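Asker: Take the two lone chains, each set in its own frame, and fit them into one complex as the hints suggest.
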Amino acid sequence: MIELTQVHKAFGPKKVLQGVNLTIPKGSSMVIIGGSGTGKSVLLKSVLGLVSPDSGSITLDGQEVGTGDRDAFLARFGMLFQGGALFDSLPVWQNVAFRLMRGALKRPKAEAREIAIEKLRRVGLKPDVADLFPSELSGGMQKRVGLARAIAAEPEIIFFDEPTTGLDPIMSGVINDLIREIVVEMGATAMTITHDMTSVRAIADEVAMLHDGVIQWTGPVAQMDASGDPYLEQFIHGRAEGPIEAVR
Amino acid sequence: MILLRPLGALGAQILSMLAMVGQLALFALETISHLFRPPFYGREFAQALVQIGWLSLPVVGMTTLFTGGALALQIYAGGARFSAEAVVPSIVAIGMVRELGPVLGGLMVAARVASSIAAEIGTMKVTEQIDALVTLSTHPMKYLTLPRVLAATLVVPCLVAVGDVIGIMGGYLVGVSRLDFNSAAYLKNTVDFLEVFDVTSGLIKGAVFGFIVATVGCFYGMNSGRGAQGVGAATKSAVVAASVLIFAANYILTELFFSA
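Order-wise, the sequence lines are chains G and U. With positions in the first sequence counted from 1, the corresponding number in this note's numbering is that position plus 43. With positions in the second sequence counted from 1, the corresponding number in this note's numbering is that position plus 241.
The following block holds chain U by itself, in its conformation from the complex (with noise of 0.2 Å):
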């Protein structure tokens, strides 16, 4: 019998996450429905994109800068052990636009967006100022939530586009100036092994990444419980399923651009 309770813990647990997969999913098919009827608030959107975009270039930027430079050096090591220490550039730019710069990316915009909104909203709610919206006959879903999941999705494909370029800059620097290749010869290697899809298939990743955070964001916030400590926890559970949901959503769509 004491053997059943864990169990049963674990089950509940289990379900509890089930019970939040569905109505996460209910919130972004509701928040999705609100694109296609007015009003909307540009004003709102507008901020958003600054907020999730302009202001998370920074965070971006240096995490590809150091990952590519990481990465050029790792790559540089493994080839060396099969003479194909040449591959270094195509590698490190396939790796970048496929894989690290949407996925660094979308970490790096739900750690600072995804808490962000969710301790934003959380406030807003607990201080009764979604109340106010609704009393101001403004609904809080079009107010709050779609201008920061629109501004998510349009903006996040940009910063990694930004981030590959970043990223692909930094292999190269680390590549000219610490493995001695040529400058030359490494952009012509970068620039030959890059495909068109490689890019857009990285950056299709960043508008669900971008999706997924906000969505994420607004939903804890929405929820949020009560108190400084209901907020708290709002903001962390929300970092948390936005990072996990992004792998999860990474592993999905990298079966389906390149699964043989």
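Okay, chain G solo, but in the shape it has when bound (with noise of 0.2 Å):
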């Protein structure tokens, strides 16, 4: 369980956080939405210590984040970013199989080409994809690898940094059926972060919204069309009228 206390982060003058209180259950999938520039990116980013948050408690299954052995923390994630964020001087099959290439979880080199090619055929690419390398390949098709990556070395627990986002809407349907059917099958615990209400659907067990840096509204999916919040009936129906001022 991933837990977050009055967590509050500025950067400069600008509040991003202030005072966000989240509990993610394991093996639930949360989405958290939100508009653009909300902190949702730097909430995820929070939790994996790649941004320090200035004060708040952030506990994965009780122990605070920031404590402990950092690289055994690490191993229980996988994540895909936004733009892939695949390395460009390595072969595809070399991103996917990174992690088991390298530290506690290494493998052969055959071995983790193995597991690569099949994380990459779970993902929807064919086993000659392995070869090529990442400018080589289509924006869908750097999202799957990044989501092979995510799930190369089976973590427990899976971030999606807006993964439909610059995607087309089939292509967007793909990938949301993919991470749905994968944290399902490998029971992982899921945070999503994206404004796709597409996605929301499909992925979601849970939703949170943010604004104003702080968490507005949050439920079971199935909740949110009936939750009389007039933050998350403008945010899901996209209305310009409302709470939450369109120019921000």
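Keep in mind that the hints are not guaranteed to be accurate.
[Said to hold, decoys possible] EDC-like mimics (lysine to aspartate or glutamate), calculated; alpha carbons at most 20 Å apart, straight line: (1) G:K152 with U:E285; (2) U:K383 with G:D114; (3) G:K149 with U:E285; (4) G:K169 with G:E179; (5) U:K383 with G:D131; (6) G:K69 with G:D104; (7) G:K149 with G:D114; (8) G:K69 with G:E224; (9) U:K383 with G:D112.
Rather than coming from a laboratory, the hints here were simulated on the basis of the structure. Values in this document were obtained by computation on a predicted structure and should not be read as measured data.
Answerer: This is the structure:
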């Protein structure tokens, strides 16, 4: 279980997180929604320790995330970045098997390649993609490779940062289905940030809306449409009029 | 009051430059500390050796070849004023190995390597590849910085040595073909006047310049701003800072090695 309590983070005068409280139960798929620039990525990166909160507590299974063995902590996570964040200098299979070729999870090269090809197949890519470089792939293929990399070491927790941004509706649907299938199949805890409502409905067990640096609403995805929360309603229906200012 | 504004701006610039020097020093110390803490990434080190050393050979070779030739012409013309044309081989050799070889080699590597390292790492930062490394339990300083800094520190002295030989050859070619020097006499003069410390001091300078170039490139890449403009600014700053630091380090090392 991931638990955030009164998490604050500011960049200079800009207060991004202003007391975030959120609990993500083990094995559930939590989707965090909110407008652009509301701090969704900062929240996600705070959990991973890529960004240090100014105050507050973030725990994983009761242990504060900044304490203990960092490598062991990170080994429990997989992450799909918004732009894929694939390493340009490495072929696809080495991107996927990156964690399996170094550190505590290191395997023989042939075995790592075999696992990489199996994970590529799992995300719908053919084995001949394995030896291409990221620059030779389309945006959708890069996302799939990023997804394969996120699941390569079979992590307990997977983070998805804007998984469908920049993709056409069909490819978005494919990625959403893949994420849902993989999370269910692996029994992983998932945390996704997005402002794509189609993704929310496809991926989420639970939804949390981040606005003005706090969690404005949280609850099961089934209750989202009948929440009665004016902020959430404006967001999910994409209305220009409402309590959320259109110009931020 | 209006006159104080430019002074204030100048003061702010100086403070910001001092802060940058401090941050760069801390970055260099952190890089060195990783030298003694595993894991080490041999493949990245080998790639950096090729990128920084082997691929810089043509530009360093061409630069020192022409400089050696020009130096021979200048010394001949200057020496003729007091009938000292015979010093051309020895001055070309000493000038190349002590000063021009290491400084020009360092500057050419700064132009070629500091810029490419800063641009590459800056782009990796902007596209979240550095964050991805961290989430994959890989320390960016160990994976990106240490291999490049170590490779540059080891390989730039080799480039300087090759540059020294090519520069002296440039002087020799001009001396023999244009200035009517006897080939054997030119080579004998070159060897006779050159001391071992002339060469080793230049190689030590090369190692220091290599360390500066790669450290500065990595530092600016890691601290790059967002977007194309941020990466462009980091690249430009890396080349300028590396070049200035090379000149400063060259003066300090020359004082240390050769002051009376």
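Asker: Hint by hint, work out which the structure violates, then give me just those numbers in ascending order.
Answerer: none
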